[in-house]
Structures are given as structure tokens and as C-alpha cells.
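Participant: Chain by chain, the residues:
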Amino acid sequence: MSEATAIQPDLEFAQEIVDSGGEDVRKCFQCATCSVVCALSPEERPFPRKEMIWTQWGLKDRLFSDPDIWLCHNCNDCSVHCPRGAHPGDVLAILRKLAVAHYSVPGFLAGWVNRPAMLPLMALIPGLLLALAVILRDPIASTFGLATHHGEGMQYANLFPHWLLIGFFSFFLGLAVLLAGVGAIRFWRAMKNADRTADRIESTNSLGSSFITVVKDILTHQRFSKCTSLAGRRLAHLTAFYGFLALFLVSGWAVIVLYVINPLAETPLPYPFPFLDPAKLFANVGALALVVGCVIAIRDRLKDRSETGRSTDFDWMFLWLLFFVGITGILTEALRFAQAQTPGYIIYFIHLILAFMLLIYLPYSKFAHLVYRTVALVYAEHSGRGIDNRSEQPAQ
Amino acid sequence: MSASRKVLVIGGGISGISAAVEASEAGADILLVEKNPYLGGRVAQMNLYFPKLCPPACGLEINLRRFRTSPKIRYLTEAEVTSITGKPGDYHVSITQKPRLVNEKCTACGACAEACPVERPDEFNCGMAKTKAAYLPFPTAYPMRFVIDSEHCKGTECQKCVEACEYGAIDLAAGEKTIEEDVSAVIVATGWAPFQAETIENLSYSQYENVITNLQMERLAAPDGPTGGKIVTPSSQDPLESVAFVQCAGSRDENYLKHCSGVCCLASLKQARYVREQYPEAQIYIFYIDLRAPGRLEDFLADSEEDEKLELIKGKVAKIYISASESKLVVEAEDVLGGRRVQKQVDLVVLATGMVPNVPETIDQLRQDDDGFLVAEEGPSAFVAAGCVRRPVDVAECVRDATAAALKAIQWHRG
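For the protein sequence lines, the chains are W and H, in the order given. For the first sequence, the numbering used here gives the first residue as 1, with consecutive numbering after it. For the second sequence, the numbering used here gives the first residue as 1, with consecutive numbering after it.
Everything labelled a hint here was simulated from the structure, so no lab data went into it. None of the values given here were measured: they were computed from a predicted structure. Note that beta-carbon positions come from the ideal geometry of N, C-alpha and C, so glycine has one too. Hints are supplied without guarantee of correctness; some may be wrong.
[Unchecked claim] Cβ pair distances, simulated, as ranges: (1) T220(W) - E326(H): 28 to 34 Å; (2) Q8(W) - E306(H): 37 to 43 Å; (3) Q343(H) - Q8(W): 54 to 60 Å; (4) A334(W) - E198(H): 30 to 36 Å; (5) E326(H) - Q15(W): 20 to 26 Å; (6) L132(W) - N255(H): 55 to 61 Å; (7) A39(W) - C54(H): 53 to 59 Å; (8) N255(H) - Q15(W): 47 to 53 Å; (9) S327(H) - I212(W): 33 to 39 Å; (10) A302(H) - I201(W): 37 to 43 Å; (11) I7(W) - D238(H): 29 to 35 Å; (12) A302(H) - G107(W): 50 to 56 Å; (13) A404(H) - A39(W): 48 to 54 Å; (14) L337(H) - Q15(W): 26 to 32 Å.
[Said to hold, decoys possible] Reference listing, derived: stretches of chain H covered by chain W, where coverage requires no fewer than 3 residues with Cβ under 8 Å from a Cβ of chain W: (15) 129-135; (16) 277-284; (17) 329-335; (18) 338-345.
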């Protein structure tokens with residue numbers, strides 16, 4: 001505190017937070033109750049008290065280079081105990097949303113993806129791309145001698161052959177991963193610069209071990225379990241997370257079966273997987289978990305703000321998208337078993353549009369927390385800030 | 001202009017006593033109604049005033065003497081106003097008075113208490129001690145007369161105190177009285193109650209004996225308190241090595257008490273002096289959001305800052321627990337100026353709880369602001385609020401406020 005530091009307030013940024021639903025930040029009087037009641041906040045430079053005053057002052061660069069906004073799981077403990085109703089939990093959530101927009105490339109897409117008014121356009125883009133893919137299916141197939149017919153009766157592969165589907169999604173997903181990676185690198189550098197400028201220890205744990213620690217934590221949701229006010233949020237997240245993971249793994253397995261195992265095997269494995277195939281069972285359980293997790297989360301967010309904090313379009317768009325991807329996926333499968341061709345193809349097409357919106361818009365939507373939170377956690381662990389860095393806990 | 005030249009004063013604390021004295025000396029007749037069996041209110045519970053650190057006997061005694069010797073003042077203890085009807089300048093008041101069961105013949109010899117077989121929690125000492133059902137509220141109580149707590153007394157079948165009293169001062173069969181009076185104006189000086197610390201979720205007040213309120217601290221330090229003025233841990237009567245004062249305990253908090261009581265900062269700084277007086281080596285922490293020491297009170301703060309073993313930490317205590325390793329109380333806050341969480345192990349935690357206005361529910365004419373304090377009615381009104389029921393203030397301000405209230409009240413029976 002001895003050295004004077006010139007700060008450059010960005011009032012427009014402060015206003016942006018207010019306009020995004022963080023207007024209560026102005027009420028904060030820096031009592032720091034939030035930093036103490038938070039079960040996740042570290043001993044040194046705890047959050048979210050400092051983020052509240054940075055926000056009031058519009059210290060955009062500090063906030064965006066602050067891993068702490070991502071260490072928060074939005075359990076609402078801080079907002080519940082806040083003596084001023086300043087809702088630090090909501091302010092951090094808005095900061096995360098703005099951080100996603102700040103780091104994503106190209107940035108304007110974040111504005112599009114998270115605005116309900118843009119939803120028709122954002123659905124139209126994958127709709128047109130998928131339609132184009134269907135139109136180009138036969139010309140491409142004949143040029144490269146690829147199969148377009150995958151069997152009698154209703155087969156989704158007759159609409160989208162495996163090579164087309166996998167090629168299409170791999171291309172765009174690759175692009176999304178690349179762009180998300182650019183955002184992640186920009187974020188990492190910003191955090192590193194901030195620590196260097198402030199003359200703080202830059203690393204204590206190796207990158208590899210930090211990463212392993214974080215992955216373990218993500219798989220167990222250990223940190224999340226410390227949040228008390230909204231214990232249900234962890235359950236919802238855990239359920240949806242494992243549901244999504246199961247579906248992601250089975251999709252990968254399907255690609256391996258189709259393009260690695262079957263071409264080599266004497267008796268190819270049946271595809272689509274039969275209902276009792278372990279992979280299929282696993283995927284179905286995953287789909288159910290995904291939907292159930294979304295339902296719990298939606299129900300939870302519909303409660304009073306005083307209990308759950310404020311939900312913004314950023315939250316709702318992602319949550320409903322995830323929910324409908326799950327629902328249309330289950331319907332698609334059901335209609336295949338029912339051999340209802342027309343409704344089946346329509347729902348399948350919609351499912352693909354939604355899946356595109358979920359996966360390809362990842363760098364810009366709330367789904368980006370997958371990248372930024374992971375990066376922030378790894379950085380925190382790597383820089384010795386520690387993802388589990390609390391001193392003695394109360395005896396029970 | 002009015003039927004009566006009498007002013008009703010509700011509340012016999014420093015504000016009510018001062019208003020009564022001032023109005024009576026200006027010519028008014030006074031009826032003062034006090035809920036407790038003694039006068040003096042919260043001030044009587046204080047150990048020392050800030051900033052001069054003189055005992056409350058100073059101011060209270062001076063005004064009580066004027067009160068006692070005035071021929072124009074009548075007062076009722078253990079009495080409450082049940083209704084007021086009429087219009088400004090001409091009110092009719094109904095009052096009920098609980099039986100004290102001890103009459104004027106009492107010499108305060110204490111024989112009744114010795115004989116009394118039952119105990120009651122000592123409210124005057126904030127529940128930190130017990131008295132017999134026949135008791136003297138405190139050693140210098142006014143009126144200097146014992147009182148029998150009818151809620152705990154076994155009644156006429158016991159008779160032990162009646163037998164013990166040489167003066168025939170006890171009548172266990174006495175009943176409740178109703179008093180009707182006509183008055184021209186009403187001064188409401190019902191004062192305050194400490195905020196209910198047990199409702200503050202994260203400060204564990206009801207969980208740990210060594211977490212006390214600032215009012216309890218006054219009683220602990222007071223020579224007529226439960227420990228004879230020795231500040232020790234309530235749990236084991238041990239001397240102190242460290243104390244933490246938790247400012248804004250429930251105050252300035254939307255979830256509990258929204259307003260700032262304005263006096264708790266100085267009260268804690270004052271209580272830190274109590275501790276220092278008895279324990280020159282004790283470590284004292286005061287956790288605050290903002291320290292409010294306006295005007296000349298700033299000197300008191302400046303002097304406190306000289307104390308090397310008094311640490312002022314900016315940051316509100318948001319957790320109090322027992323440490324797993326040493327079984328000691330731990331207070332936790334973020335040291336905002338240092339930017340880190342701090343945990344301090346202490347022997348005693350004092351919660352600086354704020355003032356909640358005591359607004360009599362039986363009087364319909366009263367209007368309150370958002371925080372519950374009385375506000376002036378629109379237009380002419382013969383209801384005047386004085387002291388802490390109007391605004392949370394210190395004793396000196398109460399006396400000034402009471403004088404102003406007296407002036408307003410007597411205007412209703414001029415001419």
C-alpha cells in the first residue's frame with residue numbers, strides 16, 4: 001500500500017456491467033463479508049471484494065486478467081450474506097460473460113450468440129450450412145466414390161452419410177477449438193502479464209501437475225462441493241457434465257468403430273449400435289443425465305433471485321440449448337426405432353442445427369466456461385494461488 | 001386552550017427524565033410512565049460514558065436529583081400506556097401498572113431476598129447472573145426499593161419474604177392497577193433495545209458463551225455487574241489475553257438492521273480502554289467497515305491508535321468459530337487494506353450490536369421511518385419523540401433532544 005498506483009478507470013466498462021444486470025455493484029461498501037463467507041476464496045488476495053471495487057472503478061484490464069472471477073462457482077453464498085444487497089455473485093457472473101466476449105475471436109460473435117433476438121440468424125447459419133451439405137452430398141459422393149446409401153428403411157445415414165456428418169462437424173469443430181484456443185492463450189498471457197507487472201510469484205507448481213490437479217477436481221467437482229447456499233447447483237452441473245461427457249465419448253467411439261475398427265474387422269460391428277450395445281446404453285444413460293441435469297438447473301434458476309442469483313440471457317441461452325440438444329437427441333433415436341421417417345428426419349435435422357449451435361458457438365457462449373474456467377484453474381494452481389488454498393476450517 | 005396542563009412522558013431513561021425535568025421546571029405537571037421497576041434505563045447499565053470515561057452516575061444523578069425534588073413530577077414504574085385518545089392539547093391516557101408487591105415502607109434491607117427461595121435471570125445484567133424473585137434491580141436503583149417478580153414468585157402460599165420483612169412492606173396479594181389521566185401533550189422517550197444478536201446467522205452468538213454483546217461488556221466491566229467489574233471470560237471466568245470487537249454486528253446490514261447506530265464505534269473504542277485498564281498486555285482487535293468518530297470524538301480514536309496492542313482491522317467479521325486445533329474462538333475477516341483473509345484467535349468476542357427503537361405498540365398515533373424510528377407527524381402534533389426512539393444517538397445528544405422535546409410539549413398548554 002506504500003506505493004501510489006495510477007489507475008485508469010473505464011467508466012464505460014463500469015456502465016456496461018450495470019447495464020448487463022450488475023447495477024447492484026454500486027451498493028458495495030467494501031465490508032468484505034463476501035470474501036470471508038466464500039468457501040473457495042484463497043487466503044491471499046481473496047475474492048470477490050476486490051473485484052467489486054475494481055468493477056465500480058471500471059478496471060477492465062485487471063478484471064479480465066484476474067483468474068479469480070473463474071474460481072467462483074456462483075453458489076451465491078456471497079450474495080446471500082451481503083449486507084448491502086450488492087450481489088457479488090451476479091457481478092462475477094457478468095464479468096465472466098464479458099471476459100468471454102473480450103477474449104473470443106472474432107469478438108462480435110459473442111454479441112450475436114448470446115442475444116435472443118439473434119437466435120433466428122444463429123440457427124439459420126447452421127441450417128443453411130447443413131442444407132448445403134445435403135445438396136452437395138451426391139456430387140461429392142460421386143466424385144470421391146463414397147457411399148450414400150447405408151441400408152434399407154429409415155437410416156439417418158441416408159440423409160447424412162457418416163463421412164459427410166463426420167467431415168462437416170470435424171471441420172467446424174476444429175475451427176471452434178482453434179478459435180477457443182486463441183482465446184485461451186490470450187487469457188493465459190493476460191494473467192501472466194498481470195502477475196509479472198504486480199511482481200508476484202509466477203509459478204510454483206509445474207504446468208503438468210497443475211493440469212492433472214485441475215482435471216481431477218473437474219471430474220470430482222470437489223471445489224464445487226464446498227459451496228453451501230446452492231448445493232443443488234453442483235448436482236445439476238455434475239449430472240449434466242457426465243451426461244455430456246458420456247455422449248461425447250460414445251460419439252468418438254462411433255467414429256473409431258466406423259473408420260478404424262470396421263474397415264479392419266472381418267465381421268464389422270453393427271452401426272447404428274443396437275439398443276443393448278454397451279456403448280448405446282452408455283449414451284442413452286448419458287442423454288438422460290444431460291436432460292435431467294438441465295431440468296434441475298432450469299428449475300433452480302427459476303427460483304427467486306435472492307436464492308439463486310440473477311440469470312442472464314447468457315445463462316438461459318446456453319442452458320436451454322443444452323436441454324434441447326438432449327431432448328431432440330432422444331427424440332431422434334426414438335423416431336428411428338419407431339421408423340417414423342419424415343418426423344424423424346425433421347427432428348434429426350433440428351438436432352444437428354442445435355448441436356452445431358452448442359458445439360461450434362462454444363468459444364462465444366456460456367459453454368466457453370469449459371475453456372476459461374479450466375485455464376483459470378490451471379493458472380491458479382500453477383501460480384501457487386491454489387485451487388484448494390484455505391487455512392484451518394471451523395471445527396464442527 | 002387545553003383541559004390539562006399535564007405532560008405525559010413515556011419512558012424513564014435519560015431522555016424521559018431530562019424531558020420531565022425540563023418541562024416541569026418550565027411549569028408543566030408531569031406524569032412519567034416507566035416499564036421497568038427502576039428509572040435510568042440503558043444509561044444505568046453503562047459502565048462509563050465516552051469520551052470522558054466518567055461513570056453514568058454523573059449525568060444521571062444530576063437529573064435524577066432534579067427529578068426527585070420536583071413537586072410537579074409524578075412517576076409510575078412497571079407501568080405501560082395502553083391507549084391514548086383525544087386530540088392535540090387534550091388527550092385521555094389509560095395506563096396499567098403491574099403490582100410491585102413491595103410498598104414504600106421498604107428500606108432496601110434485603111431480608112426478603114435472603115428469604116426468597118426462587119431465582120430469576122437478571123435482565124439488568126443481560127442474563128449473565130441471577131437474582132432472587134425478590135430483588136433490588138441494582139445497588140443504586142431509583143426508587144431504592146425492592147421488587148418482587150410476580151412471574152417467578154410462588155405467590156401467597158410461599159410467604160417467606162413476608163415473614164422476613166420487619167417493616168410490613170410486602171403485599172403478595174396486590175393486583176394490577178389501571179390509571180386514567182388527562183394530558184395535553186405526550187413525550188415519547190421509550191429508548192432502544194440492543195439488536196438481537198442471536199439472529200445474526202454467521203456470528204454464532206448463541207453458540208459460544210464467550211461471544212458477547214457490547215451491552216454485556218458494559219455489565220462485565222461495571223463495578224456493580226455480575227463479576228464486580230472484572231472483565232473475564234463468561235465460560236470459565238478466566239482473565240483475558242486477547243479480545244476482538246466486531247463492529248457492525250448486524251448493523252448496516254439489509255438482512256438484519258439496516259441503519260448505523262452511530263455510537264457503536266466509540267463504544268467499542270471505549271470498551272477497549274476497559275480491557276486495557278485491566279490487562280496492560282492484552283491484544284485487542286477492532287474489526288470495522290468504517291470507523292465513525294465524528295467531531296471531537298476523533299481525538300478519542302487518535303488516542304486509541306496510539307495503543308500498540310490495539311489493532312484496527314478494516315474488514316467485517318463474517319465468521320466466528322472454534323479452532324479445531326486449540327479450541328479457541330476464531331474470528332475471520334478480510335483485512336481489506338492488506339488484501340488477505342485474517343483469522344485471529346481470541347478469548348472473548350464482543351459484538352457491537354446496534355440500537356433498535358422501542359416503539360410502544362399500543363399507541364396508534366406514532367409514525368415510524370423505514371428503520372423503525374419515530375418521525376414527527378404531519379401538521380400540528382402534541383406527540384413528541386425524544387432520544388433514541390427518534391434517532392440512535394449518544395447520551396449527551398439524548399439530553400439535548402429531551403430538552404427540545406420538552407419545549408415542544410409545553411407549547412400545548414400555554415395561556
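Participant: All hints are to be evaluated individually against the structure, with a verdict given for each.
Facilitator: Against the structure, the hints:
Roughly 31 Å separates the CB atoms of T220(W) and E326(H), a value that falls within the hinted 28 to 34 Å. Q8(W) and E306(H) have their C-beta atoms about 38 Å apart, which keeps the hinted 37 to 43 Å range intact. Between Q343(H) and Q8(W) the beta carbon distance is about 35 Å. The supplied range of 54 to 60 Å is therefore violated. The hinted window of 30 to 36 Å between A334(W) and E198(H) is violated, with their beta carbons roughly 56 Å apart.
The beta-carbon spacing between E326(H) and Q15(W), approximately 49 Å, falls outside the hinted interval of 20 to 26 Å. Between L132(W) and N255(H) the Cβ separation comes to about 57 Å, which falls inside the hinted range of 55 to 61 Å. The hinted range of 53 to 59 Å is not satisfied by A39(W) and C54(H), whose Cβ atoms lie roughly 47 Å apart. A hinted range of 47 to 53 Å for the beta carbons of N255(H) and Q15(W) is inconsistent with their spacing of about 28 Å.
As the Cβ distance of S327(H) to I212(W) is approximately 37 Å, the hint placing it in 33 to 39 Å holds. Between A302(H) and I201(W) the beta carbon distance is about 38 Å. The supplied range of 37 to 43 Å therefore holds. The beta-carbon spacing between I7(W) and D238(H), approximately 48 Å, falls outside the hinted interval of 29 to 35 Å. Under the hint 50 to 56 Å, the C-beta atoms of A302(H) and G107(W), about 52 Å apart, fit the expected range.
In this structure, A404(H) and A39(W) meet the distance hint of 48 to 54 Å, their C-beta atoms being roughly 51 Å apart. Checked against the hint of 26 to 32 Å, the pair L337(H) and Q15(W) passes, with Cβ atoms roughly 28 Å apart. Counting residues of the stretch 129-135 of chain H whose beta carbon lies closer than 8 Å to any beta carbon of chain W gives 0, which falls short of the minimum of three for the stated coverage. With 0 residues carrying a beta carbon less than 8 Å from a beta carbon of chain W, the stretch 277-284 of chain H misses the three-residue requirement, and the given coverage is violated.
Here the stretch 329-335 of chain H counts 4 residues with a CB under 8 Å from a CB of chain W, which clears the bar of 3, and the coverage holds. With a cut-off of 8 Å between beta carbons, the stretch 338-345 of chain H has 5 residues touching chain W; three or more are needed, and the interface restraint holds.
Violated hints, listed in ascending order, are 3, 4, 5, 7, 8, 11, 15, 16; each of the other numbered hints is respected by the structure.
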